[in-house]
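The letter at position 8 of the sequence shown is residue 610 when you use my numbering, and the numbering goes up by one with no holes.
Keep in mind the hints are simulated off the structure, nothing from the lab. Think of the CB as a built atom: it goes at the ideal place given N, C-alpha and C, for glycine as much as any other residue. Certain hints may be false.
[Said to hold, decoys possible] With a cut-off of at most 30 Å between alpha-carbon atoms, the simulated BS3-like pairs for lysine-lysine come out as follows:
| no. | residue 1 | residue 2 |
| --- | --- | --- |
| 1 | Lys620 | Lys608 |
| 2 | Lys632 | Lys620 |
| 3 | Lys632 | Lys608 |
[Said to hold, decoys possible] Distance ranges between label pairs, derived from CB positions:
| no. | residue 1 | residue 2 | range |
| --- | --- | --- | --- |
| 4 | His611 | Asn642 | 38 to 48 Å |
| 5 | Ile606 | Arg626 | 16 to 26 Å |
| 6 | Leu640 | His611 | 31 to 41 Å |
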Amino acid sequence: MDTINKWSHRADLLSEYKSGFEIRTTRLCKRVLLFHILKN
Numbered sequence: 603m604d605t606i607n608k609w610s611h612r613a614d615l616l617s618e619y620k621s622g623f624e625i626r627t628t629r630l631c632k633r634v635l636l637f638h639i640l641k642n
């Protein structure tokens with residue numbers, strides 16, 4: 603794969619502190635792809 607997609611940055615950066623560590627969210631997710639297996 604030679605395609606490199608650039609991520610968008612969030613305008614409202616988010617920081618959380620879990621288990622004493624800072625976890626920063628700086629990337630913006632624009633799409634989510636889901637697959638379901640439905641039994642009839």
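Verification of the hints:
Among the hinted pairs, Lys620 with Lys608 is consistent with the structure: their alpha-carbon atoms are about 28 Å apart, no more than 30 Å. Using a Cα cut-off of 30 Å, the hinted pair Lys632 and Lys620 holds, with the two alpha carbons roughly 25 Å apart. The straight-line distance between the Cα atoms of Lys632 and Lys608 is roughly 12 Å, inside the 30 Å bound, and the hint therefore holds. Here the CB-CB span from His611 to Asn642 is close to 44 Å, well matched to the stated 38 to 48 Å.
The hint said 16 to 26 Å for the Cβ distance between Ile606 and Arg626, and at roughly 22 Å that hint holds. The supplied range of 31 to 41 Å is met by Leu640 and His611, whose beta-carbon atoms lie about 37 Å from each other.
In this structure, every one of the numbered hints holds.
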